[in-house]
Amino acid sequence: MTIVEETATTGTARHGALGTSPTRPDGVAKVQGSFEFSSDISADGCLWGATLRSPHPYARIVSIDPSAAWQIDGVQAVITAEDVPGQMTYGLISQDQPVFAGDVVRYVGEPVAAVAADDPETCRRAIEALAVEYEVLDPLTDAEAAIAGDHPPIHPDGNVIRHQRIVCGDPDATGEVVVEGTYEIGMQDQAFLGLEAALAIPDPGGKGVELHIATQWLHEDRAQIAACLGLPEDAVRLVLGGVGGAFGAREDISLQVHTCLLALRLARPVRMAYSRAESFLGHVHRHPATIWMRHHATGTGEIVKIESRMVFDGGAYASTSSAVLVNAITLAQGPYRCPNAVVDGWAVRTNHLPCGAMRGFGAVQACFAYETQMDRLAAACDVDPVDLRILNAMRTGDTLITGQPVLNVAPVAECIRETAALPLPDEPVGGAPMPDGGPDVMKLPGGAGRTADASNIVRGIGWGASIKNLMYSEAFDDYSTARCRIEDGVVTLKFATAEVGQGFVTLAPQIARTVLGIDDVRLDRIDTLIGSSGSTSASRQTWMSGGAVNAACLAVRAKIFEHVASSNGLDAETLLIDGTDIVEPATGWRQDAVEACAGQTFDETAEYHHPPTTELDEHGQGSPHTAFAFVAHRAVVDVDPDLGLVKVVQIATAQDVGRALNPLSVIGQIEGGIAQGLGLAVMEEIIQIDGVIRNGNFTDYLLPTFLDMPPVVATLIEEPDPLAPLGAKGVGEPPTISSTPAIVAAIRDALRQVDGVGKPLHRVPVRPGDICL
Amino acid sequence: MSEAEIYRLHVNGERRDVTDSWVGESLLDVLRDRLGLVGAKGACEQGECGSCSVIVDDELVCSCLVMAASAVGQRIVTVEGIAAPGTPSDVQQAFVDAGAVQCGFCTPGLIMAVHDLLDRTPAPTDTEIREELAGNVCRCTGYGRIIDAVQRVAVARTERAS
Ligand code: FES
Ligand code: FES
Numbered sequence: 001m002t003i004v005e006e007t008a009t010t011g012t013a014r015h016g017a018l019g020t021s022p023t024r025p026d027g028v029a030k031v032q033g034s035f036e037f038s039s040d041i042s043a044d045g046c047l048w049g050a051t052l053r054s055p056h057p058y059a060r061i062v063s064i065d066p067s068a069a070w071q072i073d074g075v076q077a078v079i080t081a082e083d084v085p086g087q088m089t090y091g092l093i094s095q096d097q098p099v100f101a102g103d104v105v106r107y108v109g110e111p112v113a114a115v116a117a118d119d120p121e122t123c124r125r126a127i128e129a130l131a132v133e134y135e136v137l138d139p140l141t142d143a144e145a146a147i148a149g150d151h152p153p154i155h156p157d158g159n160v161i162r163h164q165r166i167v168c169g170d171p172d173a174t175g176e177v178v179v180e181g182t183y184e185i186g187m188q189d190q191a192f193l194g195l196e197a198a199l200a201i202p203d204p205g206g207k208g209v210e211l212h213i214a215t216q217w218l219h220e221d222r223a224q225i226a227a228c229l230g231l232p233e234d235a236v237r238l239v240l241g242g243v244g245g246a247f248g249a250r251e252d253i254s255l256q257v258h259t260c261l262l263a264l265r266l267a268r269p270v271r272m273a274y275s276r277a278e279s280f281l282g283h284v285h286r287h288p289a290t291i292w293m294r295h296h297a298t299g300t301g302e303i304v305k306i307e308s309r310m311v312f313d314g315g316a317y318a319s320t321s322s323a324v325l326v327n328a329i330t331l332a333q334g335p336y337r338c339p340n341a342v343v344d345g346w347a348v349r350t351n352h353l354p355c356g357a358m359r360g361f362g363a364v365q366a367c368f369a370y371e372t373q374m375d376r377l378a379a380a381c382d383v384d385p386v387d388l389r390i391l392n393a394m395r396t397g398d399t400l401i402t403g404q405p406v407l408n409v410a411p412v413a414e415c416i417r418e419t420a421a422l423p424l425p426d427e428p429v430g431g432a433p434m435p436d437g438g439p440d441v442m443k444l445p446g447g448a449g450r451t452a453d454a455s456n457i458v459r460g461i462g463w464g465a466s467i468k469n470l471m472y473s474e475a476f477d478d479y480s481t482a483r484c485r486i487e488d489g490v491v492t493l494k495f496a497t498a499e500v501g502q503g504f505v506t507l508a509p510q511i512a513r514t515v516l517g518i519d520d521v522r523l524d525r526i527d528t529l530i531g532s533s534g535s536t537s538a539s540r541q542t543w544m545s546g547g548a549v550n551a552a553c554l555a556v557r558a559k560i561f562e563h564v565a566s567s568n569g570l571d572a573e574t575l576l577i578d579g580t581d582i583v584e585p586a587t588g589w590r591q592d593a594v595e596a597c598a599g600q601t602f603d604e605t606a607e608y609h610h611p612p613t614t615e616l617d618e619h620g621q622g623s624p625h626t627a628f629a630f631v632a633h634r635a636v637v638d639v640d641p642d643l644g645l646v647k648v649v650q651i652a653t654a655q656d657v658g659r660a661l662n663p664l665s666v667i668g669q670i671e672g673g674i675a676q677g678l679g680l681a682v683m684e685e686i687i688q689i690d691g692v693i694r695n696g697n698f699t700d701y702l703l704p705t706f707l708d709m710p711p712v713v714a715t716l717i718e719e720p721d722p723l724a725p726l727g728a729k730g731v732g733e734p735p736t737i738s739s740t741p742a743i744v745a746a747i748r749d750a751l752r753q754v755d756g757v758g759k760p761l762h763r764v765p766v767r768p769g770d771i772c773l
Numbered sequence: 001m002s003e004a005e006i007y008r009l010h011v012n013g014e015r016r017d018v019t020d021s022w023v024g025e026s027l028l029d030v031l032r033d034r035l036g037l038v039g040a041k042g043a044c045e046q047g048e049c050g051s052c053s054v055i056v057d058d059e060l061v062c063s064c065l066v067m068a069a070s071a072v073g074q075r076i077v078t079v080e081g082i083a084a085p086g087t088p089s090d091v092q093q094a095f096v097d098a099g100a101v102q103c104g105f106c107t108p109g110l111i112m113a114v115h116d117l118l119d120r121t122p123a124p125t126d127t128e129i130r131e132e133l134a135g136n137v138c139r140c141t142g143y144g145r146i147i148d149a150v151q152r153v154a155v156a157r158t159e160r161a162s
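These protein sequence lines are chains A and B, in that order. Read in this note's numbering, the first sequence has 266 at position 266, and its numbers run on one by one without any break. Read in this note's numbering, the second sequence has 126 at position 126, and its numbers run on one by one without any break.
Note that these hints are calculated values from the structure, not bench results. The C-beta atom is built at its ideal place from N, Cα and C for all residues, glycine as well. Among the clues, some could well be false.
Stated by the list, open to error - Part of the chain B face toward chain A, derived, beta carbon under 8 angstroms:
hint, residue
1, C44
2, Q46
3, S51
4, P85
5, D90
6, Q92
7, V101
8, C103
9, G104
10, L118
11, A134
12, V137
What the hints assert, rightly or not - Covered stretches of chain A, going by a simulated chain B footprint (3 or more residues, C-beta under 8 angstroms):
hint, region
13, 32-43
14, 434-445
15, 489-503
16, 596-610
17, 672-686
18, 709-719
For reference, chain B alone in the conformation it holds in the complex (with noise of 0.2 angstroms):
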């Protein structure tokens, strides 16, 4: 094996220690087989396919292209941290309700995406919609249950607001 680093991530508000990771190990593959956090998914580890999507800083990012130990210092949140379980977000909600899961490997990337989407877009066009997520691949739904469900949120939240 290389030679272990032992560094500190701070994840979904929590402080972790990783003991056992060897240098340059992806953030997506520390998470998931160091840190026990199997959320985030791997389905390209090229960052094609937005299965490993989190946000470090604020900035949505492929886990797969991120290293692990490059990520000290910074907030992560991975959809373990979105809500607490069994009472899911707004948005999670909002995909079950409009049929936007099939087998649902997409879709913890796709959460992500669409949190980080309308945090900084509360009401986006079909068009900004479809350029925001195409980096999140579906496979089994052909998309259109996934748009209903960010458009939606983007109306309940805007509702909310008023």
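Just chain A, same shape as in the assembly (with noise of 0.2 angstroms):
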């Protein structure tokens, strides 16, 4: 594969062209307010739909009695698992979830039934007056009771969900030093702002429909939608309602069936909206983990065997954890060289609210408990934390311990060095002082609440780094399709990729500048009438569908080249873009772009597919991953001790973006990964107490706000990487991953400054308890 800007265009990059930034074409109805948004979406005649979830964590459902919801005025429709007409289950990987409970509930707010109704206030009441009959059944809570067989399965398919083993090397390898501990990583929310919500018209006679949805991945919901409702894929169409956010949470099926569902019994359009409190219940989350630990390494510090067992809960359903998991095991060693390893995995079912993706997807949770150990195994060698991580950087060439070679660029040692040569902040504990010559409060942990003393804050600074896969893993073919059509001069796009906030809608008609030589470069609407581009997730969509839309551009190029060459009397094979020229450089001959190709059609699809990947074998070897991505990161956190507050002050940054396509986009992306991996790292969490969340909602789940995250200083490191299609590599999730070991390493090494002793800190989202207690 060749970076074709490189082969075929000449000239510095024009605004609006690959490595430029412009404006996002859907900025200006954002920002006032007229961008529709899934729930912004209406129909004529339009009914509300709702969903009535249990209230247990176990139970089987002994009766449902709708007579009092019918009594109601208004309430068209009333469903349950009996009124599933296709497969009665979905899910990602396996479908084991019920679009609806039939016989047990196993999850506090597993959908029981739907209704339909003139207004969401009406269906509040259908919902309040639908009676649901329960046995109580003891619930399974505890991840390591379903590891131990100690709990009858809880589900057909068993209670462990899957259970791999990575053995590299020798497995009694040895080494002078060996630190290890135990941690544990708290279930976290994607916190989407834009809310679930979708509106389902129906075709006349009922033979398909049409769903607006915010959504990660079109296609993949089209056909688990389309066998539940017992239709063929065709007759289901999707178009993509306008996204408020996604982080992984709109990868799995939450009201899709149901609004269809009404909308083919009643046979006018429906509309579902979740609040907060449903949402929290209504996707997927960040898998909470336990990880077990051991680094071998010389004295020196060089690392020599891994030794880790790890325990996700996946809560009630499959979703993705089995890809959680693996991506947790394979990438264990985090970014450096590691010769053996024994790493023993287990995603487990549960009574708890289902996991699944959650941006970082399991290479997270094992980011913590690598990064942690890195500190660990630094101070027993009494070496400095940067000079370890450097010491067994992973480069080009080294092997996972699944024997897998990273082909990619590689510069984790570049990312740490730039990291540490970023500056510190200039600003001492408490900001510059204020007129009064006091500390600004609101810069002190505890802000406003003013009850920090400055002189009792120590200022700590902590480090992280990490590895993480591209694109799907074990040997899925998660390819990506693209259109490209010149008519008039005018470029027009289509794709089926969802623009979830990330600005693929601003990139591709990059690409298109780019490669075409044309500005006007216009966009389709995003919807299944193309074929499918794979996930939002996974940071693959520059990569993938920027590969899909490059190749889609390069083949109408070859047919505008074709046809200028036989209108000119030229050769195609010499034929070049020069900014917005067609130039045979030999002879000096050139023509404007859009002038070539007037009174000319050209249109195009392609699909862009990654190399093969392989599954895990029984030892956990083979090669599932497509590419790999790196970063640092380094926090500053001003901490209270007596009170346990901490005040992020500076995050630092060097990531490994391979080619920054869209500079400010990838700004973008690293400023807003880091600030949930700050959320992570000090404030969210999910509480469930025997298996009732407690805290579902934005007043008891806390997210980040302009006070909470600090100023970023980041580097990009830009080596393009000659295995991906634009030299890009995708930038989404690095943030998340190693700034929540930065964090509370800093908070780490300010205790330390305190006693000499300090915290251990072994479990995420650090509490004030942990710091002062």
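These two chains come separately, so use the hints to put the complex back together.
Spelled out as structure tokens, the structure:
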């Protein structure tokens, strides 16, 4: 694969082409409030739908009596499992999750029935009027009990979703220095702001349905919906509704099937929209995990072997648990060389909320463990934590513990060094002195609470580095499709790539402008009237859909060159794009690209596939991943050791981006990803007690605000990856991964300065009591 | 349904009759569902996220926490009333230019909050920006580019004034 712009394009980038930062095509609509999110879409004669959910983590449904609901004026439909015409279950990897619970409910919030009514208030009353009798069962809430077989299966597929072992090199190898610990990661919520919402419009005669939906992957949704509706796939058409953030939470089905079922039953358009409380129950979360890890190293800190046991609580249904687990175990070494390993991974089923994809996808949990271990190893070897990481830094050609060689550009040491070279904050604790000579209390831990005394505050510095696989893994062909059409000098691109805020709608025209030399690029509707683009996840769309758009544009360009060559007596092979011209360098012949296409129509569709990957064998050996990206983070945190309060002061980062195709978008991904890493470090956790969520709202589930998020100083490490179609790596996930352990390491560093010992802080999010008690 | 109320709101310089609202319905729901002004967004409906921010009698409020009927006689400005379609305000344009918009769900609320901030405090410090906007959650951007947008407008307005 080549980097096309270098072979067929000359000159420096003009504004709007690759490497520049044009503004978003949907930007003005978004700032003016006219952009249509899925929750804004309505239709004439539209009804509303709502969902009845289980109040119990585990119970048998004895009976459902809808009669009282039917008494309410305006109620149009009540549906349960009995009304599902097709497949009763769905799921991304295994179809183990019921559309509606049939005989048993397995988590608090599991859908039991749905209603449609004239308005949302009538829906709410109808839901309340549905009488369900449950026989409460003993819930499984301990992941270890699921592994041990101490609880009867809560699902026909059993309580273990996946057990996978990795044995690499010499399992008996030992090192002079050994450090170990057990780490816990809490359940994080994606907390996108735009709540789940959809509009389903049935076809006349009930033979099909059109669904407007905020999702990450239209075609996968369509396949699962069609199966449950008992319709052929082409009878179900999906249109992307405006997406208010995703972060993994829209990869699974939530209200899609319910909305379509109601619309088809009533032969009328139906809207569904979740509240925030319902959203916490209605989508998958980041897996809580417990990870034991032991590192063996030489006396100077070179890693000899890692051992680990990882337990991921998948909650009631499998979703992507097995793939999340594989990410965690296969990336357990971090961005470091490691010749020997024994890793045991478990993803289990419990009666907790189902877990699945969230930004970082398994790599996050593993990273908190291995980066904490790296700091312990540095301390045990009396080596600086930065030097220890550079000493072990992976390079191109090194192998994962699965035996897979890392063939991508792997500038791990550069990321760490460049991060270390970034300036530390110039302001002292409490910021620059205020006019009265005192600190700016808003810059102290506790902020407006004015609880901290500046003289007690200790500043710590911590490090994190990480590796992330890009694209899907384990033999999955997550290809992407794109169509490029030129008519009257205007380029139109079509793809099914879900725009969730990341900015593919900005990038795709940049690709077309660069390849074709034509500035007027329009985007067709994002829907299922073209082939799949795969999911907007796994940091994959720049590479995959970027690759597909690039390929479609190249195919069109070849047609243009043929046309130009034959009408001007030139050789198509010698033509290039130079800015907005087509040129033949040898003769100096040139023509404006738009003029060259006058009166012509060219239309090409292309698919981009990445090279195949493999499954893991029973020893966890294989080449499961497509590509890798790396990043380093340094956190500076002010800590109040008495009150347990923290203020993150600065995050520095150098990220391996391959090539920054839109530098402003890259910065946006870096800052946004770090904010979510900060959330996991010190704020965000879904609390469940006995299987019941206790903080499913924005008052109790704490998200980073303007006051929590510090300035980010970032360097982009740009070494184009020859394996990437545009030289660019995905940038969405790495920022989230090692920012978390860096922040926690900074807190540990501060606490160590207080008493020379510090606190282990082996659990995220770190709570005040973990610091001060 | 609860008893319907009929009242008149003053929104974006226009009188708008609300004929099918129920008693106690929030201003956010009335704007969105009764008046078709869907610019204000609901992401928590309990005053925590700021997505629903509008200005009522020169005060920035969370419209999810205001009863629509209580806003009778007050001047309501929503994001749709900030500037004519296609001609964004300086704040709106700065958000686009600075990369302060990703998914855009928080954006209408932030646009209202930033206009309000800069009307009161033309040259805010970094701390003032963060403190004033802390009621508006953005899950996508990490806030850095939004702060940049605010600073761009503050600088441009100060330059214009001098
Ligand atoms: S919806 Fe009003 S503050 Fe969140
Ligand atoms: S841009 Fe998505 S929430 Fe702010």
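Right, here's what the structure says about each hint:
1. C44: holds, 4 angstroms
2. Q46: With a closest approach of 6 angstroms, the Q46 of chain B hint holds.
3. S51: holds, 6 angstroms
4. P85: The hint holds - P85 of chain B has a Cβ within 8 angstroms of chain A, the shortest such distance being about 6 angstroms.
5. D90: With a minimum Cβ separation of about 11 angstroms from chain A (threshold 8 angstroms), the hint on D90 of chain B is violated.
6. Q92: holds, 4 angstroms
7. V101: Hint on V101 of chain B: holds, closest Cβ of chain A at ~5 angstroms, below 8 angstroms.
8. C103: holds, 3 angstroms
9. G104: Holds: closest Cβ of chain A sits about 3 angstroms from G104 of chain B, inside 8 angstroms.
10. L118: It is violated, given that the least Cβ distance between L118 of chain B and chain A is near 15 angstroms, above 8 angstroms.
11. A134: holds, 5 angstroms
12. V137: For V137 of chain B, the interface hint holds, since the closest Cβ of chain A sits about 5 angstroms away, which is under 8 angstroms.
13. 32-43: Since three or more residues must qualify, the claim that chain B covers the region 32-43 of chain A holds, with 8 doing so at under 8 angstroms.
14. 434-445: holds (count 3)
15. 489-503: holds (count 4)
16. 596-610: Coverage by chain B is violated here, the residue count being 0 at a Cβ distance below 8 angstroms.
17. 672-686: Check passed, 5 qualifying residues.
18. 709-719: This one holds; 3 residues, not fewer than the three required, reach chain B with a Cβ under 8 angstroms.
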